[in-house]
Structure formats: C-alpha cells, structure tokens
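Chemist: Chains as they are written, first to last, in the numbering used here: chain A, 1 to 254; chain B, 1 to 187.
Fair warning: there could be bad hints in the mix.
[What the hints assert, rightly or not] Residues on chain A that point at chain B, a partial pick, calculated with CB under 7 Å: (1) 46; (2) 47; (3) 48; (4) 51; (5) 58; (6) 59; (7) 63; (8) 79; (9) 207.
In short, the hints are calculated from the structure, not lab data.
The structure displayed is predicted, hence computed values, not measured ones.
A virtual CB, placed ideally from N, CA and C, is assigned to each residue, including glycine.
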Amino acid sequence: MTIPPDIDEIMWTIAEQDDPNAVHQFVHRYPKYADELYHRLKSIDALKASGKAIPAANVPIFRNLEVPKPNYTMPIVISSVALVVLSGVAYFAGRGNSESGSGNVNPAAVTNPVTNPGAGTQEPGVVFSPPTGQGSSSVSGNQLPYNQQAPLVQQPSVAPEVPKTPLKSLHLESAKLYAAIMLVAESGGFTVNIAPGLPNPEVKLDYDNMTAFQMLQELGKTYAFTPLMDGERQILILPVRDEDEPGQNDNRLN
Amino acid sequence: MNVVSAVFESSGQFDEDLILVDRFLAGDTAAFEELYRRYYAKVFGLARGVMIDAEEAADVTQEIFALVYRNLPKFNRQSKFSTWLFRVSVNRSIQESRKRRFKHKHVELNEALEQVAVDIPTDEPDPRVQAALEKLAPQDRVILTLFYWQEMNLNEIADSMSINLNAAKTRLYRARERFRMFFEVEQ
Chain A
1 MTIPPDIDEI MWTIAEQDDP NAVHQFVHRY PKYADELYHR LKSIDALKAS
51 GKAIPAANVP IFRNLEVPKP NYTMPIVISS VALVVLSGVA YFAGRGNSES
101 GSGNVNPAAV TNPVTNPGAG TQEPGVVFSP PTGQGSSSVS GNQLPYNQQA
151 PLVQQPSVAP EVPKTPLKSL HLESAKLYAA IMLVAESGGF TVNIAPGLPN
201 PEVKLDYDNM TAFQMLQELG KTYAFTPLMD GERQILILPV RDEDEPGQND
251 NRLN
Chain B
1 MNVVSAVFES SGQFDEDLIL VDRFLAGDTA AFEELYRRYY AKVFGLARGV
51 MIDAEEAADV TQEIFALVYR NLPKFNRQSK FSTWLFRVSV NRSIQESRKR
101 RFKHKHVELN EALEQVAVDI PTDEPDPRVQ AALEKLAPQD RVILTLFYWQ
151 EMNLNEIADS MSINLNAAKT RLYRARERFR MFFEVEQ
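Based on the provided sequences and hints, a complete structural model is requested.
Modeler: Below you can see the structure in the form of structure tokens.
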C-alpha cells in the first residue's frame, strides 16, 4: 500500500505525540491507515520506552589519563643545577683525560685493539687509568704480563650506573610528554623528576625491546631532554639535549 | 578573557557551563569533575544508543570525557559547551561503533531475545529494540538516540551532528522508517 507523504507525516507526528484523541480522530478519518498508524505507535513507544529503561547511570570515577605535573620544589631545582654542573665538570675532566691519555699510550698497546665485551662492568683485563696529574698517566703494553689483553682505557663514570631492567615494548598512540615519561619510567621501576622548562606536547611512543632508560633516551632525542640517573632508582629529566656526545651514556645502558 | 563575557557564547546566550570551563582552564580540576557529573548520564545514554552494549558504552563514555579533558583548551566557544560535548560524543561514538561492529555477536542477541521474549525486565532496554537498533547504521542510531532518548530538538541535533536542519529532518525520517522495518521483523 502506497501511503501519501502528507498522511505518512501526520502518522509519524501522531505516533510521537501519543495523544489518544489525535489517534482516535485519525482512525476515524482514515480507517484504511489505522493499521499503519498502529505499527508506528508501537515502534515509537518501544523506542522511547527503551531509552527510559536505561538505568540512571551511577557516575563512575573519571579515569583521567593525565598524570599530574610534578611538584617543582626547591631541592629538585638545586639538585638539578648541581647535577648539571657536576656533569659538565665530569665531561670536561673526562675529555681532558682521554686526550692526554691517548697521547701517552704506547703504540704497542693500540696495535692489537680489542672490543669491549664488558661495557659498563669492570672485567678482568680492564684497567682504569688514574686521572691526569695523580700518578702515572699512561699504561704501556710492555708493562703487562704477556698473556694479558691490551689495556682498555676507561674513565670511571660519575653518574650512578643505570640498573639493569628488562627489555620491554611500548606503543602509545597519544599521550602528553610528562605522562609518557612517567609511564616509561614506572615500567622500569624508576621514579622520575622533571626539571622545570620542559614543554608538555602530545607524543607518540613506539618502542620495541628496549629498557626503560633507553626509551627515555630515545624520547629525549626527539623532545630535547636528557635523562640522568639521580640515585639508585631515580631518574632526573633535564630539558637540555647533549648534542656533543650522542653516545655518551651508551656504555651505561644495561 | 573576562569571566562575564566568557559565559556568553557567540549567539549571546548565557552558558553557565562556560564558568566551569574557565575554572578548569585556570587549573581547577574540580570544575571538570562537575562538568563530568553534570553530563555523564547524557553522554552515556548517547553512547549506549550507538554502541548498544552497556560496557562498551561505559568505556566509550570515559574515552569521550578523556578526549574533552585534553581538548578543552581548543573549545572555541562558538557554540554552547553542551553542543560541543555532544558533537565530540557523536563523532567518537560513531567512530568506536564502526571499529567494534564486528565484535557484536548476533547470536548473543538472538539468545537474549529467546530468554526475554516472555517477560521483559523493566529495568533493561527492550532487546527487540536493541536488535533493531543493532541493524541500523551508527548515524541512524545517533539521530534516534538524540531525538527519542535525549529528547533533543532538531536544531540541537543538527548542531550536534554538524549538519543543517533539513539534513537532520531527512535523516530522522529515514532512520525512523528503517527502525520500524527492523523492529517489526523482530516481533
């Protein structure tokens, strides 16, 4: 049965109003459409009732995805500044040692280079050279027993070692930088302090098989910050990027 | 921005939600919680109409508010806060519904129908209605939900769906027809 559009419109209007008088008048006037009107009434009634049947929701706690900004207290600022100064001093002192040390190494010691199998840990055969001006400044290959490997000149690290943490994968479509840093740090069991001045843009994380510290270093390359160990399980985020030495911390990663 | 001018949207209407928006943007997170409490039921109702499943609707509602929380600084005040919120809710619900549409198990719905055919619990939506809604496109579910459940008028619906008034009328008409067709099949 083809229903004229105007009659159809009237039927929907009556169905929505649900006024018994209007229904009665319509059926009286257009008896052949009574069944159609009844179907519309029924479907609209069911739809409306279904909406009302949805229980008034108990409002759950809002699961805010944001992490509150860290509390910038004076001690953190002071320790940040002190750490930057210390890092700078250690860096230049180390550079001085390397330069003076490399000049004094006997050529015999470097003709047989070895790879560094125990990076970050003191292996047998690895000798730490004393700082310049505090004793002998060079190690000669012919001063070693014949069966000993050629010495590797290695500076003792100033910053605390990064504890070994398991390799993890982390994928995050979108998060604020602070939240991402905290998430990564927490995944490695670290607490984190973020020094003032670091912007908090939206970031995307996509890391596979990396330690938490490595992830932070990678993130730092993109968003201009440097993660530093600041205690056994604490990381300090400095809003500066060390571009002079991109691999500076590589030997302390794992 | 002056607080007094902030509570009037571009059309000159007073929008008390904007006071809360301004408080939130000034750092008062309790103001956002107030907005959340104020609109949770409506957003949940919309999400429920589009997602059908209550748990999914609750998840989507949380996602919507998290989205609003992050993007509130971008709210340009050209409309009422509630209109903007509904626009976000509509878009997100449709998006999520499309993502999850294959997860819906028609079998489960049919089983539900068999179980409640005799006695429909009064505190649960009619499963025949749910089954009919399930067969509609998400946009149809949105417009029916906004019109019949949220009791919004066509102007408000047009604003929330970012369409003009005539398009809203046409869509409502078509959605209503399709719903009736599927509903009658379910009976």
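Chemist: Each hint needs a verdict: does it hold in this structure or not?
Modeler: Do the hints match the structure? See the list:
1. 46: OK, holds: residue 46 of chain A within 7 Å of chain B, min 5 Å.
2. 47: At 5 Å from the nearest chain B Cβ, residue 47 of chain A passes the 7 Å test, so the hint holds.
3. 48: 5 Å, holds
4. 51: For residue 51 of chain A, the interface hint holds, since the closest Cβ of chain B sits about 3 Å away, which is under 7 Å.
5. 58: Hint violated; residue 58 of chain A Cβ to chain B Cβ min 9 Å, cut 7 Å.
6. 59: 4 Å, holds
7. 63: 5 Å, holds
8. 79: 26 Å, violated
9. 207: 22 Å, violated
This entry does not satisfy hints 5, 8 and 9, going by the numbered hints stated previously.
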